[in-house]
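Those protein sequence lines, which keep their order, are chains A and B.
Taking my numbering, I'd label the letters of the first sequence as residues 1 to 187.
Taking my numbering, I'd label the letters of the second sequence as residues 1 to 187.
What the hints contain is simulated information worked out from the structure, not anything from laboratory work.
Glycine residues also receive a C-beta, built at the ideal position from the N, C-alpha and C atoms.
Heads up, some of the hints might be wrong.
Capping the alpha-carbon separation at 20 Å, the derived lysine-lysine pairs in PhoX-like fashion look like this [said to hold, decoys possible]:
hint: 1; chain 1: B; residue 1: Lys-108; chain 2: A; residue 2: Lys-151
hint: 2; chain 1: B; residue 1: Lys-185; chain 2: A; residue 2: Lys-185
hint: 3; chain 1: A; residue 1: Lys-6; chain 2: B; residue 2: Lys-29
hint: 4; chain 1: B; residue 1: Lys-162; chain 2: A; residue 2: Lys-185
hint: 5; chain 1: B; residue 1: Lys-86; chain 2: B; residue 2: Lys-162
hint: 6; chain 1: A; residue 1: Lys-186; chain 2: B; residue 2: Lys-162
hint: 7; chain 1: B; residue 1: Lys-151; chain 2: A; residue 2: Lys-6
hint: 8; chain 1: A; residue 1: Lys-5; chain 2: B; residue 2: Lys-151
hint: 9; chain 1: A; residue 1: Lys-185; chain 2: B; residue 2: Lys-108
hint: 10; chain 1: A; residue 1: Lys-162; chain 2: B; residue 2: Lys-186
hint: 11; chain 1: B; residue 1: Lys-185; chain 2: A; residue 2: Lys-186
hint: 12; chain 1: B; residue 1: Lys-186; chain 2: A; residue 2: Lys-186
hint: 13; chain 1: A; residue 1: Lys-151; chain 2: B; residue 2: Lys-36
hint: 14; chain 1: B; residue 1: Lys-108; chain 2: B; residue 2: Lys-162
hint: 15; chain 1: B; residue 1: Lys-86; chain 2: A; residue 2: Lys-5
hint: 16; chain 1: A; residue 1: Lys-29; chain 2: B; residue 2: Lys-29
hint: 17; chain 1: B; residue 1: Lys-162; chain 2: A; residue 2: Lys-151
hint: 18; chain 1: B; residue 1: Lys-151; chain 2: A; residue 2: Lys-36
hint: 19; chain 1: A; residue 1: Lys-162; chain 2: B; residue 2: Lys-5
hint: 20; chain 1: A; residue 1: Lys-162; chain 2: B; residue 2: Lys-185
hint: 21; chain 1: A; residue 1: Lys-108; chain 2: A; residue 2: Lys-162
hint: 22; chain 1: B; residue 1: Lys-151; chain 2: A; residue 2: Lys-162
What follows is a list of derived Cβ distance ranges for each label pair [said to hold, decoys possible]:
hint: 23; chain 1: A; residue 1: Lys-108; chain 2: B; residue 2: Gly-63; range: 38 to 48 Å
hint: 24; chain 1: A; residue 1: Leu-17; chain 2: B; residue 2: Asp-166; range: 14 to 24 Å
hint: 25; chain 1: A; residue 1: Lys-29; chain 2: B; residue 2: Trp-112; range: 30 to 40 Å
hint: 26; chain 1: B; residue 1: Asp-88; chain 2: A; residue 2: Thr-34; range: 23 to 33 Å
Protein chains: 2
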Amino acid sequence: MIHLKKMHDPELEESRLDSRPAFEGRMLKVFVDTAKLPNGRTSTRELVRHPGAAAVVAVLPDGRVLLERQYRYALGTVMYEVPAGKLDPGEDPEHCARRELSEETGYKADHWEYLTTIATTPGFTDEVIHLYLATGLHRFAQHLDPDEVIKMDALTPEEIRKAVADGTLYDAKSLAALGFLALLKKF
Amino acid sequence: MIHLKKMHDPELEESRLDSRPAFEGRMLKVFVDTAKLPNGRTSTRELVRHPGAAAVVAVLPDGRVLLERQYRYALGTVMYEVPAGKLDPGEDPEHCARRELSEETGYKADHWEYLTTIATTPGFTDEVIHLYLATGLHRFAQHLDPDEVIKMDALTPEEIRKAVADGTLYDAKSLAALGFLALLKKF
């Protein structure tokens, strides 16, 4: 199992004094905790517990990257995103990434590389997304969940850079995954 | 005001049938909505409404980038992050970025460049983070909120790349912001 690299510093660390469940939904659980701060004060911490997810930068043999267009209800817009999905309970993240790639895009990949695991919004949730690079793609068949309505595109690296620059591609996990590769001179 | 670039596609779009407030906290509001999907089915959408935030890649004259170390209660660890903070109601995002940089790091910047706006986790929240590049830094004085306990580092680009590669720097907004610059060959 993959774990975030934890840094310890007693001068910064908080401790839990109390935890109260505030909402339990199908996907999200919300807690209101009371934390003791390192300066001795107490503060309220509202947090959303999430099962975590996996996401894939899937690169075709010609160098194009698979991007999905999907409506995101919370933001009220169709967005570009790399293929991704929530972990099933106890599921290995790479298994999840393979499953989501094949279900959502109809592709399987011969080569899988783990990139990193991101904390999507550490101020209020424990959600992490495990990021992978998939190459050696071959077409299989798309098996969307009945409630998933997704269209797929493949963008060249130049088209990706243009979409990033002009604000068309703004999904954080996608930018983080492609940016991870760019920072390490792999894209 | 900055708006996300919205893509429209009636074959993908959902519509709201019902919205029920499920939790109202100091920072977060949770709603359980019923949405009509483009395939005619209905589905539940759990969403967290968030005021939004701004974050800054602040580069010193010698090329080092300011990174904060801060305890993140939701994840139970100290993390590296670029300076960032929530928008006050109605606040201009660049004003927020300038305020957070000066409060958290004690630096002011002569030059500000808007990079992009990311959707942190579009599957369940409307949170967006406006990303900026700040250069021409000069030291001023740190004015932390009483409940903010933050330590500051400055990492060279090589140290940043190493921290990204080895999983020490995994905050999504920080990776997205640095990755945005790397994708556009500016870092």
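Now for the hints, and whether the structure bears them out:
no., hint, verdict
1, B:Lys-108 <-> A:Lys-151, "violated (44 Å)"
2, B:Lys-185 <-> A:Lys-185, "holds (10 Å)"
3, A:Lys-6 <-> B:Lys-29, "violated (29 Å)"
4, B:Lys-162 <-> A:Lys-185, "holds (12 Å)"
5, B:Lys-86 <-> B:Lys-162, "violated (28 Å)"
6, A:Lys-186 <-> B:Lys-162, "holds (14 Å)"
7, B:Lys-151 <-> A:Lys-6, "holds (16 Å)"
8, A:Lys-5 <-> B:Lys-151, "holds (18 Å)"
9, A:Lys-185 <-> B:Lys-108, "violated (31 Å)"
10, A:Lys-162 <-> B:Lys-186, "holds (14 Å)"
11, B:Lys-185 <-> A:Lys-186, "holds (13 Å)"
12, B:Lys-186 <-> A:Lys-186, "holds (15 Å)"
13, A:Lys-151 <-> B:Lys-36, "holds (18 Å)"
14, B:Lys-108 <-> B:Lys-162, "violated (27 Å)"
15, B:Lys-86 <-> A:Lys-5, "violated (25 Å)"
16, A:Lys-29 <-> B:Lys-29, "holds (13 Å)"
17, B:Lys-162 <-> A:Lys-151, "violated (36 Å)"
18, B:Lys-151 <-> A:Lys-36, "holds (18 Å)"
19, A:Lys-162 <-> B:Lys-5, "holds (14 Å)"
20, A:Lys-162 <-> B:Lys-185, "holds (12 Å)"
21, A:Lys-108 <-> A:Lys-162, "violated (27 Å)"
22, B:Lys-151 <-> A:Lys-162, "violated (36 Å)"
23, A:Lys-108 <-> B:Gly-63: 38 to 48 Å, "holds (42 Å)"
24, A:Leu-17 <-> B:Asp-166: 14 to 24 Å, "violated (34 Å)"
25, A:Lys-29 <-> B:Trp-112: 30 to 40 Å, "holds (38 Å)"
26, B:Asp-88 <-> A:Thr-34: 23 to 33 Å, "holds (24 Å)"
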